[in-house]
Amino acid sequence: MPQRLSPAAPRPRRDFDFDSFSLIAQGHSAFQLMWAGVSLGVFDLLHRRPRLPLPKIAAALGLAAQPARVLVVGLTALGILIKKGPRFSNAPLADRILVSTAPRSAVPILGWQAHIVYPGLTDFVASLKKNTNIGLARFPGPGKTLYERLTAHPALEKVFETAMSGLSRQANKDLIGAIDFSHTRHLVDAGGGDGTNAIAIARAHPRLRLTVFESPSVCRMVRRNAAAAGLAGRVSAWPGDLFKTPFPPGTDAVLFAHIFSIWSPEKGIRLLKRAHAALPSGGEVLVFNTMALGEETDCLLTALGSPYFQAIATGQGMVYPRTDYAAWLKTAGFSLRGRVIPLPFEHGVLVGRKI
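Count the sequence shown with my numbering and you get residues 1215 to 1569, in order.
Derived from the structure by calculation, the hints contain no laboratory data.
Check before you lean on any hint, since a few could be wrong.
The calculated DSSO-like cross-link candidates involving lysine-lysine, where the alpha carbons are at most 30 Å apart (straight line), are [claimed, not checked]:
hint, residue 1, residue 2
1, K1343, K1358
2, K1487, K1458
3, K1481, K1458
Generate coordinates for the entire structure from the input sequences, incorporating the hints supplied.
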């Protein structure tokens, strides 16, 4: 599994000016404006029919003139819409990521933000003080993590899995192009969600067998999705607990995609040691995650992702930098193969081989 790219250069720090202060202080309004644009179909409308005046936007959305004005003015001030004369269009990036049918649409991820992250982060300060995920109380049910609680909330569980699938679809094309799976026979996608990763990899590598190691409720989604994709014979589900249940027999590579952010360093190393014990000599583990490729304080996307893990998900994790993952792999007994592979959307892949 060659790694052919070096880490991306760190970005310059942003100055904290009054515009920055205003956007942060009223970030709740900024997000709700964008989410309203998604929910009401503003971006889909202007993708189909750009350069519409405000009255036609209001009519198409079924909004009265005043609320339509509040929405469109807000979106334009944020730069999400562009105004030329009396007419409005999507900004180029909005056309690429805020249109529901766009190949790299972020709409499912915004649904997770709106319905899960937004309510839970109300308790961020308390979560910092208590060093636990106080925001989880917003989702009543059994268990001490969001992932356990979601089993009691099927609608929210679907929102979550849809968002993770959307994130996976965005990143999968880059992952598949960066990793050579030609010497792998049986890849286990540990904590692989509803099978989106596994199905995409299986389609790209017809000789590869994949198993998604997930909770029983999510495994039911995996089986349905694999069958719908015509891959039930090559993509299977392995229900269990990543920390307790043995890995599937015959595993020769393990993929951890968006898993380690959930847990503390101690638990991350524990998972890697379990994978190490399950792999044959020469077996490989892939760590695929959002990560700071340079200095962690220079990466805005990853820094903004960490409060969710502290306040809601588990109260233990954060979005770790690549240097942490490299150290964990070595501690677990793996040798690093090459350098981190930097990918779009602040993602990276590290590959370790069992010594």
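Each hint, compared with the structure:
A C-alpha spacing of about 18 Å is found between K1343 and K1358, which places the hinted pair at or below 30 Å, so the restraint holds. A threshold of 30 Å between alpha carbons decides the hint, and for K1487 with K1458 the separation of about 12 Å falls inside it, so the pair holds. Distance hint between K1481 and K1458 is fulfilled; the C-alpha atoms sit about 12 Å from each other, no more than 30 Å.
Figure legend: structure checked against the earlier numbered hints; every hint is met.
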